[in-house]
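One line per chain: the protein sequences are A and B, in this order.
Heads up: the first sequence begins at -16 in our numbering, then just goes up one per residue.
Heads up: the second sequence begins at 186 in our numbering, then just goes up one per residue.
If you're looking for bench data, these hints aren't it; they were derived computationally from the structure.
The model shown is predicted, which means the values in this text are computed figures rather than measured ones.
Don't be surprised by glycine CBs; every beta carbon is placed ideally from N, CA and C.
A few of these clues could be false.
What the hints assert, rightly or not - Derived Cβ-Cβ restraints for the label pairs, each shown as a range: (1) Ile101(A) / Thr217(B): 46 to 54 angstroms; (2) Val246(B) / Gln317(A): 17 to 25 angstroms; (3) Val308(A) / Gln188(B): 53 to 61 angstroms; (4) Phe247(B) / Gln398(A): 18 to 26 angstroms; (5) Leu79(A) / Leu341(B): 17 to 25 angstroms; (6) Leu100(A) / Phe212(B): 53 to 61 angstroms; (7) Ile214(B) / Lys219(A): 27 to 35 angstroms; (8) Ile214(B) / Val439(A): 41 to 49 angstroms; (9) Asp335(B) / Ile101(A): 35 to 43 angstroms; (10) Thr217(B) / Phe34(A): 55 to 63 angstroms; (11) Ala276(B) / Ile101(A): 19 to 27 angstroms; (12) Pro418(A) / Asp248(B): 16 to 24 angstroms; (13) Gln188(B) / Phe151(A): 38 to 46 angstroms; (14) Ala193(B) / Glu416(A): 17 to 25 angstroms.
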Amino acid sequence: MSALGIISNANLNGGQKLAVKYFTVSLALFGAQVLFGLLAGIQYLNPDFLFGILDFSVNRMVHINAMVVWLLFGFIGSVYWLLEDESGTPVVGLGLGNLNFWIFTLAVVVVVLVYLLIQVGPGELKSIWLINEGREYIEAPRWADIGIVVCVLIFFFNVAATFMKGRFTGIAGVLVLDLVALAGLYLAGMWYTPNISMDQHWWWWVIHLWVEATWEVLVGCLMAYGLIKTMGVRRKIVETWLYIEVALMFGSGILGLGHHYFWIGTPEYWLTIGGFFSALEPIPLVAMVVHAVFDAGYHKLKSSNTPALAWIIGQAFGNFFGAGVWGFMHTLPQINLYTHGTQWTASHGHLAFFGAYVTMILAFFYLAIQKWRGNVWMGSNLVGSWKWKWSMFLLWTGMIAMTMALLISGYEQSQIERAIGGSDWVAYFAAQEHPWFVQGMVWRMIGGWTFAAGFVLLAWDLMTIGKRETRPALVVDAESH
Amino acid sequence: MSQTAWWASESLWRKSAIWVTGVSFIFLIFLTFDTVDHITAGSKSGRVKAYSVINNRIDYVFDAKRNMQVPVIGPVEPLFGKVLTEEEAEALVSKGKLTTQSKNCMNCHTLLGNGSYYAPDLTKSWLDQSWGSKETREKSMVEFLMDPTDKLHNSLGRKMPNLGITEEEAKATVAFLKWMSSIDTNGFPANFKPLDQSDAPVATVTAEPAPKASAAPAQQ
Ligand code: HEM
Ligand code: HEM
Ligand SMILES: [Fe+2]
């Protein structure tokens, strides 16, 4: 082990060396997401900005695709991070895992370059295979889809085989099964049909069953590990909670899929089924808050890594508000008829993705940097702690400001475009031109710039935190009884 | 550590998790089979129409029994004056769908309410009053899609870019939009006031009539 406070791969186990590679790319793509989000946001206020060069559609596509990929990279990294620790044995196919990382990264770079430089193709199947699929979130061309599936399968093999060789814990069991589902669901989005109802029906299998089922359970596993790691919470408690969360999440989230089947041609019974089950979805999110807050309180917030713990607690609340409360607000069909596809949706989408997933991955970034620097002290009062505190504050304030601004614009839009206007071309612009809507867009940008400042500070902090620390990390004992 | 209460037992919750997930998933599979049946083009329930519905007038009318607007298939009113067979219609709509995907419409517009919020929803765009009249609509739509930048309909200056859409692609896209407007969306978008198509004379069929497409598509 090298000196405290100095970044050295010697401080990491094999899986963790791979993890920090994923984390690095992940952070860079987070930056890209923020940048293209700003460009798209500016175009709302100034439509001529980059018009014909980088149109809104291009910026938005890069914005949300960068998000999906950096979150996936963050998840994969996080799992590699805990893999050897949790299983008690080295990663089985580390060389393969490394190769996989480089191929995956290269593929992402090629896809993004094609998005930016070629942008659109002729209306033929080959455009979908080579340029982009034009289906929100899963725009990646078909060749890349196949690559993604192969990469995820290799990753899955590594995880499953490593756990099988070593310790197969409760967390491991949930994680492995969850990854099978996560990879399998992607296949539902990988085929072409002229029928847009059919298309969107299966598209939602990927999107909804990812974010409201499999990804939620994945962060549940990460949360479980994080709580053990930062505070030494007893495994039995954590794993019991994890099972409770899985039961509640899948029990509500799987049939909650129906909240996307109200208006796309699917039968009327989904109004009832989707409304009912998705209305139950906040329950597991409440359970997660109770769990995290109870444990943190029980341990008097004494932790080995304060920034990580702060982001984990933030995850519990962010998930609850962004997904649970903001999701619930528009999930009943009686309301969704007027809010469907308005800025309401954008408001919810931002807070949910940030609250549930960004937060958790940032917590892992902090866990990683701590160990990378030789398991350095990261309690409160660490040297230069203003940076992580300020970046956290700016990211949260920026996100909440954006969410609120979008919500106000969304209210106005659902009223003027939908309820009064009847959702046609004229009604759409009546709402978009209204001062209340425009003000919302201005405030979204103020929030956006705040968020971007938070990101810059975050990146800086991750590069420097713990650098001048000479104290070793606080040792948190597992609860003894 | 005292004895764990039965309701806090790890194995109870592990079993619950497995059972709840399994049962939910089985329900979902069951419902999926039924739903796919309903949303196959030309399905018996008529929620998603056969592609040849583009040979007919499509309207969006309030239905008192369902208490919502529903698509209503009217008399033969072929697109671009040509009645198509089901296969021809499918090929055309498919070309249009491919155009919407490869030009990335969904990252500016919503379709069936899903996508992006930068531009109007296209679910009922075929029926939009801004196209003027039903006689000029097809032509206006093709012209708009091929060169939208100078046809501004708002004071914000928010324009649709020229996406290099060819005439063939534009016509196919219009076919796709017409077909999409016939999907039964449970009354979404609510309160939509469609273009008046009622009193206009039925367009004359110019091309050779196709064998199977004389009347409304098989379902109602
Ligand atoms: C972390 C979990 C979640 C994430 C990341 C998330 C994210 C999103 C995103 C991005 C969309 C927009 C999709 C699009 O582009 O069309 C969306 C839509 C939606 N979400 Fe969530 N969501 C989450 C959880 C929930 C929950 C728990 C509920 C309900 C209680 C919910 C209810 C909805 C509804 C009803 C829509 C459809 C909006 C519309 O009709 O336009 N979401 N969600
Ligand atoms: C600098 C900050 C950001 C700005 C200015 C920004 C701006 C935007 C804009 C303009 C859109 C397009 C919305 C539309 O179609 O009208 C968008 C979509 C989206 N953004 Fe961001 N964004 C930012 C950060 C983020 C972050 C941090 C996340 C999550 C981690 C995120 C997640 C999303 C999602 C999920 C969508 C699709 C929403 C939907 O379809 O409902 N954005 N963003
Ligand atoms: Fe959902």
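Quick rundown of the hints versus the structure:
A hinted range of 46 to 54 angstroms is violated for the C-beta pair isoleucine 101(A) and threonine 217(B), which are about 36 angstroms apart. For the pair valine 246(B) and glutamine 317(A), the beta carbons lie near 22 angstroms from each other, so the given range of 17 to 25 angstroms is met. Checking the proposed 53 to 61 angstroms range against valine 308(A) and glutamine 188(B) shows it is violated: the Cβ atoms sit about 37 angstroms from each other. Taking the beta carbon of each, phenylalanine 247(B) and glutamine 398(A) are about 21 angstroms apart, inside 18 to 26 angstroms as hinted.
Checked against the given bound of 17 to 25 angstroms, the beta carbons of leucine 79(A) and leucine 341(B), roughly 52 angstroms apart, lie outside it. The given range of 53 to 61 angstroms is broken by leucine 100(A) and phenylalanine 212(B), whose C-beta atoms sit roughly 46 angstroms from each other. The hint said 27 to 35 angstroms for the Cβ distance between isoleucine 214(B) and lysine 219(A), and at roughly 34 angstroms that hint holds. Taking 41 to 49 angstroms as the suggested C-beta distance range, the pair isoleucine 214(B) and valine 439(A) conforms, at roughly 47 angstroms.
For the hinted restraint 35 to 43 angstroms between aspartate 335(B) and isoleucine 101(A), the CB-CB distance of approximately 25 angstroms leaves it violated. Checked against the given bound of 55 to 63 angstroms, the beta carbons of threonine 217(B) and phenylalanine 34(A), roughly 42 angstroms apart, lie outside it. Judged by the Cβ atoms, the range 19 to 27 angstroms given for alanine 276(B) and isoleucine 101(A) holds: they are separated by roughly 26 angstroms. Our hint of 16 to 24 angstroms for proline 418(A) and aspartate 248(B) is violated, since their Cβ atoms are close to 37 angstroms apart.
In this structure, glutamine 188(B) and phenylalanine 151(A) break the distance hint of 38 to 46 angstroms, their C-beta atoms being roughly 26 angstroms apart. Checking the proposed 17 to 25 angstroms range against alanine 193(B) and glutamate 416(A) shows it is violated: the Cβ atoms sit about 57 angstroms from each other.
Of the numbered hints listed earlier, those contradicted by the structure are 1, 3, 5, 6, 9, 10, 12, 13 and 14.
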